[in-house]
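Here is what each chain is made of, one letter per residue.
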Amino acid sequence: MTVRTDHMANLSQAHGMQHAADHGHGGHGGHDGHGEDDGPHGTFKGYVTGFVLAAILTAIPFWLVMNRVFDSSRVTALVILAFAVVQIVVHIVYFLHLDAKSESGWNMLALIFTLVLVVITLSGSIWIMYHLNSNMMPASIHDMRNMP
Amino acid sequence: MSDTYAPPLTGGQTPPQPLSFHVEGEHHPQNGTLLGFWVYLMSDCLVFACLFATYGVLGRSYAAGPSGADLFDLPLVAVNTSLLLLSSITYGFAMLEMRRNRIGATQGWLAVTGLLGAGFLGLELYEFAHLIHEGAGPQRSAFLSSFFTLVGTHGLHVTFGIVWLVTMMVQVQLHGLIPANRRRLMCLSLFWHFLDLIWVGVFTFVYLMGVLP
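Sequence lines, in order, name chains A and B. The first sequence: position 58 = 63 (our numbering), numbered continuously. The second sequence: position 80 = 458 (our numbering), numbered continuously.
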């Protein structure tokens, strides 16, 4: 069978021998010859790079907020949200080792689908509830005076 | 390929190539555990998305009570964040040692990870106790209800992560780095890094944006 011969070829590769045997994995060509059998691989350098990047991307937002670098809260909020998005990407790449190839791309597909849902949930909720609040009856006389 | 099954063709002509039942070069995950666990994490991500949305909607409804600027202690949050980030990289080191089949080093890094996680949890519980002691419990305002729900859910995940981690340390001690334990440690790795990822959203969206005027 094709699958079996591929499996044997896999086993005969010098590296990843243990892992291939562990999981009985076979039937894939392998884009780089290893990496799929034992899940995504990380390296020492990769982890340290991710850690340093994450530490920097954490320190800057804390510094921005604690020292009130920007006068406008809106600017600060947008900047620290941008830092958070970058840091989340760093975590996904260096710690979760996700790329387009892992699990035939199904991981990435699930992630993209989830991100779409998350964006719809967050932005939709905040957007709708903000407009709902501003169209509600004023809660007090004070609010009533400030009505447009 | 001699044992490949080929159905007889009516034309009597032999097929030029043996039948193959999958696309050549396609990655075919035989062991779907990691993929399945990833799907679980994505569903967990949706749970957190709902809690974040709730906090986004209610986060400024103080009911004349204390606001985030009054309550949040940013240096404490910074320490908490560093603890969780450090625990992420120490778990990474545990995985690297697992690949080298060194049980002792793996266990050591797992223990360090667990201690850092416990430290994170301890600080978070201290913060919660402090808030409740000040009368800023979850029943005080919509802001505090959504705050306790979101941060508490994350803390609950960390708690179960630590329980899982201790379980895995016992398992590795008893059975060694067998394939099943490797697979479980891989899943726990995803879980642990995912919690750190959620925490990035928490400290940015809740704490840092909460103290902005």
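Just so you know, the hints here were simulated from the structure itself, not pulled from any lab data. Fair warning: there could be bad hints in the mix.
Straight-line C-alpha distance at most 20 Å; calculated SDA-like pairs for lysine to any residue [as the list claims (entries may be wrong)]:
1. 106(A) with 125(A)
2. 50(A) with 475(B)
3. 106(A) with 410(B)
Have a look at the derived ranges for each label pair, beta carbon to beta carbon [to be verified]:
4. 72(A) with 515(B): 25 to 33 Å
5. 141(A) with 503(B): 32 to 40 Å
6. 460(B) with 73(A): 19 to 27 Å
7. 480(B) with 124(A): 15 to 23 Å
8. 440(B) with 72(A): 22 to 30 Å
9. 537(B) with 94(A): 38 to 46 Å
10. 114(A) with 507(B): 20 to 28 Å
11. 78(A) with 537(B): 28 to 36 Å
12. 49(A) with 527(B): 34 to 42 Å
Glycine is no exception: its CB is placed at the ideal position from the N, C-alpha and C atoms.
Hint by hint, here is what the structure shows:
no., hint, result
1, 106(A) with 125(A), "violated (26 Å)"
2, 50(A) with 475(B), "holds (14 Å)"
3, 106(A) with 410(B), "holds (15 Å)"
4, 72(A) with 515(B): 25 to 33 Å, "holds (31 Å)"
5, 141(A) with 503(B): 32 to 40 Å, "holds (37 Å)"
6, 460(B) with 73(A): 19 to 27 Å, "holds (22 Å)"
7, 480(B) with 124(A): 15 to 23 Å, "violated (42 Å)"
8, 440(B) with 72(A): 22 to 30 Å, "holds (25 Å)"
9, 537(B) with 94(A): 38 to 46 Å, "violated (27 Å)"
10, 114(A) with 507(B): 20 to 28 Å, "violated (43 Å)"
11, 78(A) with 537(B): 28 to 36 Å, "holds (34 Å)"
12, 49(A) with 527(B): 34 to 42 Å, "holds (38 Å)"
Hints 1, 7, 9 and 10, counting from the list given before, are not met by this structure.
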